[in-house]
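Engineer: If you read the protein sequences in the order shown, they are chains A and B. With the working numbering, the residue at position 206 of the first sequence is 206, and numbering never jumps. With the working numbering, the residue at position 112 of the second sequence is 1112, and numbering never jumps.
Source of the hints: derived by calculation from the structure; they are not laboratory data. Be a bit skeptical, because a hint or two may be false.
If you want the footprint, here are the derived chain A segments under chain B, 3+ residues with CB under 8 Å [as the list claims (entries may be wrong)]:
| # | segment |
| --- | --- |
| 1 | 32 to 44 |
| 2 | 60 to 71 |
| 3 | 77 to 86 |
| 4 | 90 to 104 |
| 5 | 134 to 146 |
So the derived list for chain B, only partly shown, Cβ under 7 Å to chain A, looks like this [what the hints assert, rightly or not]:
| # | residue |
| --- | --- |
| 6 | Met1031 |
| 7 | Pro1032 |
| 8 | Leu1040 |
| 9 | Gln1044 |
| 10 | Phe1055 |
| 11 | Leu1059 |
| 12 | Ser1060 |
| 13 | Ala1063 |
| 14 | Met1155 |
| 15 | Leu1158 |
| 16 | Val1161 |
Even for Gly, the Cβ is constructed at its ideal location relative to N, Cα and C.
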Amino acid sequence: MAAEKSTIDALGQFHLDTGLGAIGRSVNFANSNVMMVVAAALVLLALHYGMRRRAVVPGRLQALAEIGYQFIHDMCVEQIGEEGKRFFPFVFALFFFILIGNLIGLFPYFFTFTSHIAVTGALAVLVIVLVTAVALRIHGLHFFSYFWPEGAPVVLAPLIVPIEIISYISRPVSLSIRLFANMTAGHVMFEVFATFMLMLVGALGAFGYVLALGPLVINIALMGFEVLVAFLQAYVFAVLTCIYLHDAVHLH
Amino acid sequence: MTRLMRAGLVALMLAPALAPAWAWAGEGEGMPQLNFANSLTGSQVVWLAIIFAIFYVLLSRVALPQVAQVLEQRSATIAGDLEAARGAKEQADLAVQELTLATRKAHADAQAAIAAAVAEAKAEAARHAVQLNQTLEAQLAAAEQQITAARGTAMAALRDVATETASAMVQRLASVAAPRETVDLAVGAVLAGRG
C-alpha cells in the first residue's frame, strides 16, 4: 500500500486497466467500461423489475422507477417546453448513467468512470453535437443568428460574435470539466485522508491510532458530502443539457 | 493546444484539492486521466459510445415506454373511477330529487284528501242541520196548528159554557127562564166586545 512507500498515491485509483480478463484485454475493454455496463444494467434492471407488476398502487421499487421517470420528465418539460418530451429518453439516460456512475464509484475498489475527462468530455461532446444538430434541423441557417444578439450595434460585431462563439464552444468544456473535477477531487480527498491515517499509525504507533480518528471522522463526513455531490453533478449535467436544448429549440 | 488548455483548466480547478497529490505523487504517470499514452484512455470512449448507445436504445424502446404505459394506465383508471363516481353521484342526486318530489306530491295529496274530507263532512253536517231544521219546523207548524185547533175548539166550547152559565144565573136570580137564543146572542155580544 502507499503507506509503505510513505507517499500518498492519490491518483493510482484513476489508473485505467483492462477489465474482464483476457477477453477484455484483447478488445481494450477498460475497467471503467465494466462500471459503465454495471451502471447501465442497474438502471435497466431497476426499471424492469420495478415495473414488472404494473401495479396501480406502486411498491417501493416501482415508486422509485416512477419518481425517477417523473422527475426527469418534469425537468425536460419545464426547461425545454412541450418539445422536451422528444429529448426525454436522452436526458433520462444521461442523468441516470452519470448518477449511478458517481454513486457506485463511492464503493471501495469500484472504479469511477465519471472521474475520467475522456468519458465526461465524450458525453459533453455528445450533448453539444446533439444540441447543434437539433438547432440546425429546426432553424436551418437561421441558427447562426444565435451568435448575434438582437439589437446590438453593428460596430461591436467583431467583438461580440467571437465572444458568443467562444461561450458556445466553452459549454462542453465546462460541462465535462465540472463533472470530472468534482469526482476526481472527491476521490483524491478520500485517498489523501485514508492514507494519512495509515501514515500516522505507521509513524507514531499506538498514539497514531488515536490521532487517526481525525482523518477517519473527516472521511465519514466527506462520504456524506460526496453522495450529495454525486446527485448534484448528475443533476447539473442534466439540467444544463436541458437548458442547451431549450436554446437549440427556441434560439434565445 | 486543446490538450494543454484542458490540462491547464483542470489544474486550475483542482489546485486546492490536488495540492498534496501533486506534491506526493512523485515521478509516476501524473494524472491517469490525462495519460493519453495509455491506449485505454481512448478505447474506453469507444466502448462508452457502444454502451451508452445500447443503454439509450433499451431505455427509449423498452424500459421507459413500460413506465409511461403504467403511468398512463393509472391516470386512465383514476379518471375512469372519478367518472364513475361522478355518474353515481348524479344518479343519487336524481334519486334524491325524485324522492323530494314524491314526498312533496304525497304531502299535497294528503292535504287535498284532508281538505276534501273536511269539506264533505261540513256539507254533510250542513245537510243534516237543514234536514233537522225542516223536521223541527214541520213539527213546530204541526204543534201550532194543533194549538190553534185546540184553541178554536176551546173557544167554541166557551160560548156554550157561558150561555149555559148565564141561563143558569138568570134562572136563579130572576127565576125566569130566559130563552136560549136571547142568552146566546147576549153572550156572543159580550164575547165580541171583549175580543
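Engineer: All hints, please: hold or fail.
Structural biologist: Here's how the hints hold up against the structure:
Coverage of the segment 32 to 44 of chain A by chain B holds [criterion: at least 3 residues with CB-CB distance below 8 Å; count 7]. Only residues whose C-beta sits within less than 8 Å of a C-beta in chain B count toward coverage, and the segment 60 to 71 of chain A has 5 of them, enough to reach three; the restraint holds. Remark: the segment 77 to 86 of chain A is not confirmed as covered by chain B, as 0 of its residues place a Cβ nearer than 8 Å to a Cβ of that chain, below the required three. Under a criterion of three residues with beta carbons nearer than 8 Å to beta carbons of chain B, the stated coverage of the segment 90 to 104 of chain A is upheld, 4 such residues being counted.
Counting residues of the segment 134 to 146 of chain A whose C-beta sits closer than 8 Å to any C-beta of chain B gives 0, which falls short of three, so the coverage hint is violated. The beta carbon of Met1031(B) comes within 6 Å of a beta carbon in chain A, closer than 7 Å, and the hint placing it at the interface holds. Checking Pro1032(B) against chain A by beta carbon gives a least distance of about 4 Å; that is within 7 Å, so the hint holds. A distance limit of 7 Å between C-beta atoms decides the matter here; for Leu1040(B) the minimum to chain A is near 4 Å, and the interface restraint holds.
Evaluation of the Gln1044(B) hint against chain A yields a held restraint, the C-beta minimum of about 4 Å falling below 7 Å. Satisfaction of the interface hint for Phe1055(B) is found here, the shortest Cβ-Cβ separation to chain A being roughly 4 Å, below the 7 Å cut-off. Because the beta carbon of Leu1059(B) sits about 5 Å from the nearest beta carbon in chain A, less than 7 Å, this interface hint is met. For the restraint placing Ser1060(B) at the interface with chain A, the shortest Cβ-Cβ distance is roughly 4 Å, inside the 7 Å limit, so the hint holds.
Taking 7 Å as the C-beta cut-off, the interface hint given for Ala1063(B) holds, the closest approach to chain A being about 4 Å. Among the interface hints, the one on Met1155(B) is violated; its C-beta lies about 117 Å from the nearest C-beta in chain A, farther than the 7 Å criterion. Annotation: Leu1158(B) was flagged as interfacial toward chain A, and the flag is violated, the nearest CB pair being 121 Å apart, outside 7 Å. Restraint check, Val1161(B) versus chain A: the minimum CB separation of about 125 Å is more than 7 Å; hint violated.
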